[in-house]
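Trainee: Okay, so the sequence shown: first residue is 171 according to my numbering, each after it adds one.
It is possible that part of the hints are untrue.
[Unchecked claim] SDA-like mimics (lysine to any residue), calculated; alpha carbons at most 25 Å apart, straight line:
#1 K273 - I328
#2 K288 - T255
#3 K184 - F258
#4 K273 - K249
#5 K249 - A192
#6 K290 - Q233
#7 K184 - S431
#8 K249 - I328
#9 K487 - P540
#10 K487 - G391
#11 K273 - L201
#12 K557 - R523
#13 K291 - G280
#14 K291 - K273
#15 K291 - V221
#16 K291 - R252
#17 K288 - S431
Rather than coming from a laboratory, the hints here were simulated on the basis of the structure. Only a predicted model underlies this, so the values are computations on that prediction, with no experimental measurement involved.
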Amino acid sequence: MTTFRNRQLAPIRKSEWGRTIAGADPAKTGLWIALDSLPVLEPWELPRTWVDLSTHLGGQGVQLSDVFEQAGANRRLRKDDRGTTTLFLGFPLAELIGEAPAKYHWIGVGAVELSDRKAKKNGFRAIEQTRRFLDRARPTANSPLTWLRTVNWEPDQIRTRSGFGTGMVSERVLIIGAGSLGGAVSENLVRMGMTRMGILDHDILDVGNLTRHVLGMDAVGHDKAAALANALSLIMPDADVRGIVTSFPPDTNELADELRSFDVIIDCTGSDAVLDAMAEFDWGGEKIFVSLAMTWRAEGLLVFTASEATFPAIDAKESFHEMNVPPTDFGDARMEGIGCWHPVFPATAADVRMWSAVGARTILEAIRHPERRCLYYRQCSDGTVEKLNG
Numbered sequence: 171m172t173t174f175r176n177r178q179l180a181p182i183r184k185s186e187w188g189r190t191i192a193g194a195d196p197a198k199t200g201l202w203i204a205l206d207s208l209p210v211l212e213p214w215e216l217p218r219t220w221v222d223l224s225t226h227l228g229g230q231g232v233q234l235s236d237v238f239e240q241a242g243a244n245r246r247l248r249k250d251d252r253g254t255t256t257l258f259l260g261f262p263l264a265e266l267i268g269e270a271p272a273k274y275h276w277i278g279v280g281a282v283e284l285s286d287r288k289a290k291k292n293g294f295r296a297i298e299q300t301r302r303f304l305d306r307a308r309p310t311a312n313s314p315l316t317w318l319r320t321v322n323w324e325p326d327q328i329r330t331r332s333g334f335g336t337g338m339v340s341e342r343v344l345i346i347g348a349g350s351l352g353g354a355v356s357e358n359l360v361r362m363g364m365t366r367m368g369i370l371d372h373d374i375l376d377v378g379n380l381t382r383h384v385l386g387m388d389a390v391g392h393d394k395a396a397a398l399a400n401a402l403s404l405i406m407p408d409a410d411v412r413g414i415v416t417s418f419p420p421d422t423n424e425l426a427d428e429l430r431s432f433d434v435i436i437d438c439t440g441s442d443a444v445l446d447a448m449a450e451f452d453w454g455g456e457k458i459f460v461s462l463a464m465t466w467r468a469e470g471l472l473v474f475t476a477s478e479a480t481f482p483a484i485d486a487k488e489s490f491h492e493m494n495v496p497p498t499d500f501g502d503a504r505m506e507g508i509g510c511w512h513p514v515f516p517a518t519a520a521d522v523r524m525w526s527a528v529g530a531r532t533i534l535e536a537i538r539h540p541e542r543r544c545l546y547y548r549q550c551s552d553g554t555v556e557k558l559n560g
């Protein structure tokens, strides 16, 4: 459900969900009734027939016949008045037994029929009064109810297992670089609650990327940014991720304005040229910057964070240089390709997943405590990770 509307179809409450749900087919018409308590019969069972439900709701002051009559009349005023309706019954629910109610929980009854403009009954005139009569009679029938399996979720509830709240949901995040590290970091962030995201990259996914990228065979040959954005938007129901297929810096004023709308800028390219471009770009105000780069053979992870109006590229590069990371050894590189051979960066999927987890944590820390810092996470020979401060 994305929007609750009154009888005049004016929105009275909207739910913020992601791109996948927002782009889904429109939901069928639903009737929502807020009750004082769960509709149960003695000793402990849900009503089995419409007449049982109507009788029980009457005890809570809800006349289901009146509701059906009015709902049917309202529906017949619309362009499309056909199909079945779903009835939702809500009741207050406490988080823990003994506590005050904290939210409403909804259960559903399916296959509710309301009369359309062509409905008629033998022996009665085919007029609005007859259709109202038919709708009033439906909830008094002895026919069985069709209870639906319903689930109730909110963004904070979805992430209860992660241990993180929804405090980061309002931050809009731009990931520059949709490679193996950028893809894994962005997946972590979406699952942890940072759902408004842009992925910027101009490259296409190649078969060789599959050894450590979060994308699969179905994305080969497609733009990394667009494919990753689509995959991330399918991960969580509140995820709204957009792929920006271009290189940085942007080449149009419209795209530049869009990039300025992000609150957190994360560089995962490992490119000094991109850092220089980030320094020259007019971000339009203070941003939280995070640059992540794996060292050769994924031996370590370099992290630079800052909260400023301009990215301090010179300080970032100098800080990285002072960390004394192992040098790049192209003689140790594997070669990939046929004809025009080129060396590739050696790292396993396990390496990338480990550093993406560390990177995601440093991003959250940079948002909670924005300041300039340089860190070097290094993997020791026994598999442990140590942190060196710059």
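Trainee: Compare the structure with each hint and give your call.
Mentor: Quick rundown of the hints versus the structure:
no., hint, in the structure
1, K273 - I328, "holds (15 Å)"
2, K288 - T255, "holds (17 Å)"
3, K184 - F258, "holds (17 Å)"
4, K273 - K249, "violated (34 Å)"
5, K249 - A192, "holds (22 Å)"
6, K290 - Q233, "holds (24 Å)"
7, K184 - S431, "holds (23 Å)"
8, K249 - I328, "violated (36 Å)"
9, K487 - P540, "holds (19 Å)"
10, K487 - G391, "violated (33 Å)"
11, K273 - L201, "holds (19 Å)"
12, K557 - R523, "holds (17 Å)"
13, K291 - G280, "holds (23 Å)"
14, K291 - K273, "violated (42 Å)"
15, K291 - V221, "holds (21 Å)"
16, K291 - R252, "holds (17 Å)"
17, K288 - S431, "violated (51 Å)"
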